[in-house]
Every structure is written in C-alpha cells, then in structure tokens.
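Fit chain B to the supplied structure of chain A, relying on the hints for placement.
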Amino acid sequence: MTLAASDLCVALDNRVVVTDVTVELRGRELTAVLGPNGAGKSTFLRALAGLLPPARGRVTLEGKSIGDWDKSRLARHIGFLPQQRIIHWPLTVERTVGLGRMPYNDAATTGRSAVESAMTDMDVSQFRSRPVTDLSGGELARVLLARVLAQETAILLADEPAAGLDPAHQLTLLNRFAALAKSGRTVAIAMHDLSLAARYCQRIILLKNGRVLADGTPDTVLTTQLLRTAFGIDAAIAKIDGMPVVLPVGLC
Amino acid sequence: MIGRHRTEMLLACGLIVCFAASLATGPAGFGFPGGADAGWLIFSEIRLPRAILGALIGAALGLCGAALQGYLRNPLAEPGLLGVTGGASLGAVIAIHSGATALFALALPLGGLLGAAIATASVLLLAGSRSGPVTLILAGVAISSLAGALTTLALNLSPNPFAAVEMVFWLLGSLNDRSLVHVWIASPLIVAGCAILLTLRRELDALSLGDDVAANLGLDLAKVRLKVVAGTALAIGAATSVAGSIGFVGLVVPHLLRRFAENEPGRLLVMSALGGAILVVTADLILRLLSPAGDLKLGVLTALIGAPFFLWLVVKTRQEIGP
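Chains as they are written, first to last, in my numbering: chain A, 13 to 264; chain B, 60 to 382.
Isolated chain A, as found in the complex:
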C-alpha cells in the first residue's frame, strides 16, 4: 500500500511543526525518519497515521485522503506506535497485546493466533499474565510493540520503538521490521541510532525544523555534511565487517 504526504503542513497549538513535506512511503521499504529533537518526526508520523489533521496539504492512502477513510478500515491498514508508553490501568500483557485485534472483531480464531505470534516475536509470552504496570521499561516497550504487530497492518509507523531496549532486543526488533518490509509491508520508524538506520533501512528521511533536509538511501543521506547540517555534529562513517557504522565524534 502507498501512503503519501503532499505539501503537508501540520500545526500544534497554532505553531507550525511540519512544513511542506512531500514524501511517498511504499511497500517493501523500511524507512527511517531521522532528525534532531524537535525536528517534527513524531508530528510527521502522527499526521501520516491520520491522528493529526493537516493545516495544509494532504495525506493520502492509496490515493484517497486519509480523513475520508472509515476509521475502522483505516485501523486495519495503518498501525501506529506512539513514543509515549502510556498505560492507565494495569491490564495483563495478554489483554494489552489483544487490543491490537480490536479493528477486526476476531478474538476467537485468527485473532488468537495473531496475538500469540506477536507475543512470541517480541519475546513477551513468558509474562503474559503479569500486569503491564509491573514491567520494566524495556519489557513494556516490547509489549506495546507486540500490540501494534498483532494489528497486522500493511503499513506500520513506529515512533522511536527501539528507545529503552537492550542491544539484543534492538536487533530483534529491527530484524522483525526488516522482515515485515521484505514481506511487502510499508514500515517507517522514527529513530536516533544512525548506525542501525544505516544498516537496516533502505531509505532515510532526514528532517530539520519540520522540513525534509534529505530523502534517499543511507549512502546519500548519512553523509558528514548532512549530519553536520542536521545535528550539528562531526561524524565518522565507516564499515565494519561490511556493515555501516555512523559514529558521532564531536560537536561542530
């Protein structure tokens, strides 16, 4: 499925946070949305998910404006994982992941296996009966990821999903996202780890001050010049065992 933004402007409290963004997210592509704090990554992803109305421009899914989609049908196409890990009540892990099946009304059969599969993928099956409020930050992050995986959408938008995860679970997560993209899904994730972005993503959208500074393959976007402009850092870019490594070495 194709999710596109054209001339997208999004405002929060009358302050324009995303300005004139035109991108098209395609299937079979794992896209990283990078940028410094306050660049507009979260707002951009929320607008793409249809959670924020554009102040100008439009977001379309399969050519149809996202606001015109039926909300339940849209929920079967776009899964969104927010940056804030909000839990208001101590639901069990299993129930929390099970909420991902809400758009389908299929708790008995397909839903059951989707929930089990998502819990296994995110390595949370072993504490399925525990209240989510009793989990560590990393465990909770994995449970919430499992919830969005159980939603089984063609498009997955995740806002800093790797934050708080240990290195093993970060790699598991990125491998899972890469596999989803390879299977035909459209996956876009906001993240800060430049090396993981370079290693796993086919495409990188670099934002600064709400605008697209660069959009392309990791080789073309993760350059010393663009990283200096976006983040104000000097970075060393190398390859170790054939894998790209981007190391911030100092402030400009």
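Please keep in mind that the hints were generated in silico from the structure rather than gathered at the bench.
Warning: the hint list may mix true and false statements.
Claimed, not checked - Distance ranges between label pairs, derived from CB positions:
no.	chain 1	residue 1	chain 2	residue 2	range
1	B	Ser350	A	Asn26	55 to 65 angstroms
2	B	Leu372	A	Gly79	38 to 48 angstroms
3	A	Arg142	B	Leu135	23 to 33 angstroms
4	A	Glu74	B	Gly191	24 to 34 angstroms
Unchecked claim - Capping the alpha-carbon separation at 25 angstroms, the derived lysine-lysine pairs in DSS-like fashion look like this:
no.	chain 1	residue 1	chain 2	residue 2
5	B	Lys282	A	Lys83
6	A	Lys76	B	Lys282
7	B	Lys286	A	Lys83
8	A	Lys194	A	Lys251
Unchecked claim - Interface residues of chain A toward chain B, partial, derived using beta-carbon atoms under 8 angstroms:
no.	residue
9	Arg58
10	Ser84
11	Phe92
12	Pro94
13	Gln96
14	Ile98
15	Trp101
16	Leu103
17	Thr104
18	Arg107
19	Met114
20	Pro115
21	Pro143
Glycine is no exception: its CB is placed at the ideal position from the N, C-alpha and C atoms.
Okay, now just chain B, sitting in the frame of chain A:
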C-alpha cells in the same frame, strides 16, 4: 466462559437475593402481614417501587462511575463530576422553592430532569466539540460548582422553614414515598443511559493505552465522548431527579470490583452496575428496618459507608507507595 464471568454471575445472584429480601422485608415485618389486600398494597405501593428504583439507581450510579473512571482514566472520577447531579439537584430545589411541587407532585422529578439536561448542555458547550478528558472535567466541575452555589442560594432564600427542610431532606437522597409513577418516569431514561454506556466496553479498554492508540485502533474519540456524556446524563439525571443525590456509590463500587475485572475498564461496567444495585437495594433495606419513619436518609448512609472506604484507600495507598 463461565469461569471468566463467575464474578458477574455471583453478583447477579446476589442482586436477586437482595431484591427479593427488599420485596419481602419492611417495618411491617417479613412477608406481607395484614391480610391479602393490605399485603398487596404494601407490596405494590411501597416495597416494589423502592426495590425497583433502588436497583435501577444503584446500577446507574455504579455503571456511570465505572464508565467515567474508564473514560477519564481517573480512579477518583464519580458520576457527579460532569455536573449532572448538581444540575438535577438545582432543578428539583427550584421546583420546591417556586412552589411548583405544591401544585403538581411530579414537578420535583421533572424539575430535576430539566436541571440535568441544562447542566449537560452547558458542560458540552463549555468544553467545546474537540476537547479531551481534562477539559471535560474542568467544565463539569465549573457547572457543578455553579449549580451548587445556586442551590445554596435557593436554600438561603427559601420562602419558609418547611420549604428549606424539604429541600435539604430531598438533597440528602432517599427512596421514601416513591411510587410506581416515579419508576415509570425514571426507568426508561436510566435504561437508555445504561444501554449507551454498555456499548463502550471495547472503547474504554482501548483508551487504557492513550488517545493516540485508541484512535489508531479505529475509535472515533468524539463519538465516544458524546456517548459517555449522553449515557451519564440520562442515567444520573433520571436517578437524581427521583431520589436526590446519593453519593459515593459511583466511586466506591468500581474501586471494590476493579481487581475482579482484572483491571479491564470495559469488563468493570457490568460488574459495577450489579454491585451498585446490590449496594443501594441493601442500604435502602437496612434503612427501612433501622429507621422506619424515614429519618435517616439513603444518601447519608451511603456517605457513611463511603467515607471509611476513602480512609481505607488512603491507608492502603500509603502502605503500597511507602511513607
């Protein structure tokens, strides 16, 4: 299936027992003494309306408390938070103050319903169409405070001491002297309000993960908000209009039952409705036996139960989070 719904089934059985006890017991004794005619009169004119209203009002209070706690994601939310109770109380007090109740007995519940409707419309208008839970709480508290101030003004300016006493007694909440007419006035609205709230089970569960996740799961947040307000307004407006203000039930019952619902706000709805009904029917039955003349009011008894519960909650919370 039965295992998962065991608590609901136990509560339903408990309600049937309490309801039957309420029908069979009163100041005249157990059963229906005084011959067939007198017994039938006691049953149909006194005990049946009280038992039905007690069950309906208790269910409304418990259910609305659970729905509001789930929607506002605040364990301290209770049905009076949206200003409906305050509005209905003000409407009823104005009906007494203006002398309308002397001319037309049903002016009291109808005044309450009108007050509840005006308060609900004011809260919605004040909160705006796109507001979130916090703005809704603020608007509810503002309208509730205004209604409370106007109620005390009406008491202050009461035309005579008897009217003042009538207003105060009504505000304390009671099922004394309620007839089947009151049942016919309140029950359709309470049932409609409860039915609306019971459609929100999955929505309240989804809101546990925040507004963004709930919206991403396909929820229309504006529609959910409207259903919560409309359901609460209908059920609590009608309940307060016929029985006055009965506090603490909507706060205490969901708290007590939350762990049996595995903290699922949606599952808590039915349990709280049943639990609220049991509490109010039982409290009314105790009152009838302890205070046959109706000196002790239902709202006072529920408050006497509720306040110690709060104290227990403070002690428990302190033990859990430390000094």
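Checked hints:
no.	hint	verdict
1	Ser350/B - Asn26/A: 55 to 65 angstroms	holds (59 angstroms)
2	Leu372/B - Gly79/A: 38 to 48 angstroms	holds (44 angstroms)
3	Arg142/A - Leu135/B: 23 to 33 angstroms	holds (26 angstroms)
4	Glu74/A - Gly191/B: 24 to 34 angstroms	holds (30 angstroms)
5	Lys282/B - Lys83/A	holds (12 angstroms)
6	Lys76/A - Lys282/B	holds (23 angstroms)
7	Lys286/B - Lys83/A	holds (17 angstroms)
8	Lys194/A - Lys251/A	holds (23 angstroms)
9	Arg58	holds (7 angstroms)
10	Ser84	holds (4 angstroms)
11	Phe92	holds (4 angstroms)
12	Pro94	holds (5 angstroms)
13	Gln96	holds (7 angstroms)
14	Ile98	holds (4 angstroms)
15	Trp101	holds (5 angstroms)
16	Leu103	holds (6 angstroms)
17	Thr104	holds (6 angstroms)
18	Arg107	holds (6 angstroms)
19	Met114	holds (4 angstroms)
20	Pro115	holds (5 angstroms)
21	Pro143	holds (7 angstroms)
Every hint, counting from the list given before, is met by this structure.
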